[in-house]
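Start from the sequences and build out the full structure, keeping to the hints where you can.
Keeping their order, the protein sequence lines are chains L and U.
Sequential numbering of the first sequence, starting at 34, is according to the numbering used here.
Sequential numbering of the second sequence, starting at 1410, is according to the numbering used here.
What the hints contain is simulated information worked out from the structure, not anything from laboratory work.
Cβ atoms here follow ideal geometry from the backbone N, Cα and C, with glycine treated the same way.
One or more hints might be untrue.
Distance ranges between label pairs, derived from CB positions [unchecked claim]:
# : chain 1 : residue 1 : chain 2 : residue 2 : range
1 : L       : F460      : U       : R1448     : 49 to 55 Å
2 : L       : L418      : U       : F1847     : 38 to 44 Å
3 : U       : F1580     : L       : K51       : 55 to 61 Å
4 : L       : M464      : U       : I1453     : 48 to 54 Å
5 : U       : K1436     : L       : K51       : 58 to 64 Å
Partial selection, computed: residues in chain L whose CB lies under 10 Å from chain U [to be verified]:
#  : residue
6  : G327
7  : P332
8  : I424
9  : R543
10 : F550
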Amino acid sequence: MGHGKNFDEKTVVAPGAKWNKAIAIFGLAGIALIAIACFTQPNKAQFMHSYLTSFMLFLSITLGALGFTMINHITRAGWSVTIRRVQEGFMKNIWLMALLFLPILFFANEIFSWADSRDGKTLEAELKLDTYHFTDAHHGHDDHAEEVHDNHSQDDKVAAPKEVIKKELVAPKDKIGGHPEKNRVRQTQEISEAQDAAEAHIEGEEEEEAHSEGAHDAHDAHHAEGGRFDLAHGRHRAHLEHSLHVKHSYLNQSSFTQRAIIYFIIWIALAFFMFKKSTSQDADGNPQTTILMGKASAPGLMLYALSLTFASFDWMMSLDYAWFSTIYGVIYFAGGIMCMHAATVLAVRVLQSKGYLQGAVDQEHYHDLGKLMWAFMIFWTYTALSQYLIIWYADIPEETIWFLNRYKEGWLPVTYIVIASHFLIPFAFFMSRHMKRNKNICAFFAAWLIIAEFIYIYWQVMPTVTFPITTPFSPSIADALIFLGMAGLYVAAFLLNLKNQNLIPVRDPRLKESVNFVNL
Amino acid sequence: MIDMTLDPNADNPAQRTPLVQGGMGFKDVSHAVCDISERKTPKIWFLCLAAALSTLGLLKTSILYLIWEGTGIWGLNNPTYWGWAIVNFVFWVGIGHAGTLISAILFLLRQDWRTGVNRFAEAMTLMAVACAGVFPGIHIGRVWAAYWLFPIPNQMTLWPNFHSPLLWDVFAVSTYATVSLLFWYVGLIPDLATMRDRAKTKYRKIAYGVLSLGWTGANKHWQRYEKAYAILAALATPLVLSVHTIVSFDFTVSNLPGWHTTIFPPYFVAGAVFSGFAMVITLMTVVRHIYKLENLITIRHLENMCKIILLTGTLVGYAYAMEFFIAWYSGVEFESYAFINRAFGQYGWAYFIMIGCNVISPQFFWFKWCRTNVVFMFIISIFVNIGMWFERFVITMTLNNDFLPSSWDYYSPTIWDVSTFVGSFGLFFTLLLLFLRFLPIVAISEVKNCIPEADPHHGDHH
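Here's what the structure looks like:
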């Protein structure tokens, strides 16, 4: 082992009162920005989706920190000791995330189209009325698409006069501004109306003449064109109903709430335990604490993996409740670890510019953080590309629709931006060792990747505001305000967590190793 | 001074357990490794080689009969066109993942303990990939046209389907084999030079002299060597992931229920690492005992590998659980059927062998006693080897109850299925025995780097 390098002991202690002002400023600014966002975005559903986007981003940083702290303990990592406390500060922010989750819980029915203010039984009962449709849907979605559609056309469509269809032509866009709740799956009829409107919309564009001629005989027209329009413009009604039906025991508000409580209990327990043990070692320097944290991390990581996976299913994948992907949790994990390293780089950079952590964190740490950031960016790409490639290749309509919905309504450029910002640009320009070892370039790419992950989550969440119809890409100032507001709260809570604490685990047995290590 | 007699199992977080035990110095390390091939060939080695060659003969016979008679000699039937050939292919490719993971990824993660085991694991990787390479070649039916697997220009302008993951497999596996071979060879060069310098006989001098490419141990040599090693490690890392990812694509890009699921790529990679480490443990525990390498391949090395087996086994368990959950959550009837049939259908027995061996048996490694008892870990590693073969078997046999009930069938292996598979072990062990006899089975120079005296600052203070 090398020796000789040392850190400035005065700069690794966080002040108490001196940070109060910053905490107050960041905290109040955060609340104010989110409040302003409320006024700028009157559409409740869209506001809540923006809110969910930022929430999932900051949650991924928090959970990334929790997971990576445990990974460090379980692998007996030496290099990362001096940056661990900063990550523990993020990890302990889980209390803030629990508070920020409350609006999502209360307004779940604004966000999740499977959620319904009525109790489950009524929904079940209502769906049972429509058993005729499920029975068909049960036996394969494609083959019977036309048949099912046929029935539904007879119910709703045949009688529909031409004027109604015309009126609905502009419906999808109107609904975003005006009555988002209209698109909720409250009544099965509404889905069908929306679907019909969507179909009419596309037909109107493509074959207006044919359509107006055939409007009186929509039955035949749909019989002939059937599945094509359904699949081009959203889900088949029967498929959605079927999905709601089979998932009802999982996707309903009470079990959603129960699961959320379990996730937060797991995360808060793990994060607070790890934080408490780590800071207690600062006082007593007991090496057994290190061993204990290592031992606790093994079962901790198992609980963590499962809770993170199901949370990502519940809070993001279920936005489109008919869609499913087994790798989804892994993608969220990969992005989270990447973002957490990015956040660590930013935090360390700012703390050092304020005179903290002198000598404790040097370019070797930036280099390693940069490597991990880059590596998990690649891992994210690997998982996201796997998901895309597998779904693209098999070409099953129920799955490809998730991507197809993000090719239209203005989302295609965003799709390209996700690929460029989350992979191509950082891949090419952050590969070099020199980039990672330069603190400022490293911090630049850290900020870049956090924004890239934000765009990626945005791209997943925002097209579902008017589910099952794809919401057109319509960025609003509220998206940015909520992001900045939550960032303010996040920084305030981070400073609050570390107030009066040491900024590195000063008596960790492997501290010397971390201060002295060099990249070869 | 670090206490060299420190108990390898002592858990003192402030101190890293020395990787070389028993107070061995540089010379002792060289001697311990080189002596294996310098001493007189033991009789038992000839006996083992004879057994391995006979088993290899079995493979040869099976392949010759296959060429003569056609794939009908296997138990293939209408829904199962991919029988044991694909199972064996994926099994061997999976085993071929441990070596490069240890050499490349653990190198990038600065895990010094890899030095004791990396050479052996890499060699094992190459042998496993060689065994794997046999199966795609022979299962195509017309073996004489095996070169059609490659996109070779021809006057018929016949090309393989570039959209097919089976073709990507050809590229992925051959690239992986090439880079792994290079990586292994580059790592061998300083050690081959050590063997050359110690050589007593003329033939050894010539052979090792040629193989060590004029290595003198000059500063410049080391500098370039280390750069080349790091570059190869960086190149090999994505390859470790890509090979089994593409193997998983063979299955998952289809729209078959039970095969088509997005978690396959990372799940296959985790499974491959899992099976590879199990095979390393299986062989390493034996080799270490026979050649008395306990001070170089310590209990700590083995314990670390057991932990990786526990981790990857649990990851595989996570993937099984996700598949099952999403099969239900998807609401797709066929998907649910495929999984329920997998667990409780005709092949339920195989499914539960798989779960028992892959998910349950590694859980013993939660206990330190299990991770540090060589006999116990050997037994568990055998279970894992069996379980991972069955995993591929289960995945392949899911096809048995396909969309048309009239074609449902049960795959019964024939004697030729079995003999081909058993024969592939002959190839594996023949290569392994040659490696054990003629090459340094532990990376001498890298292990020396882990001895405290190798640190330029050693002895500066304390």
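Hints numbered earlier in the text: which of these fail when held up against the supplied structure? none
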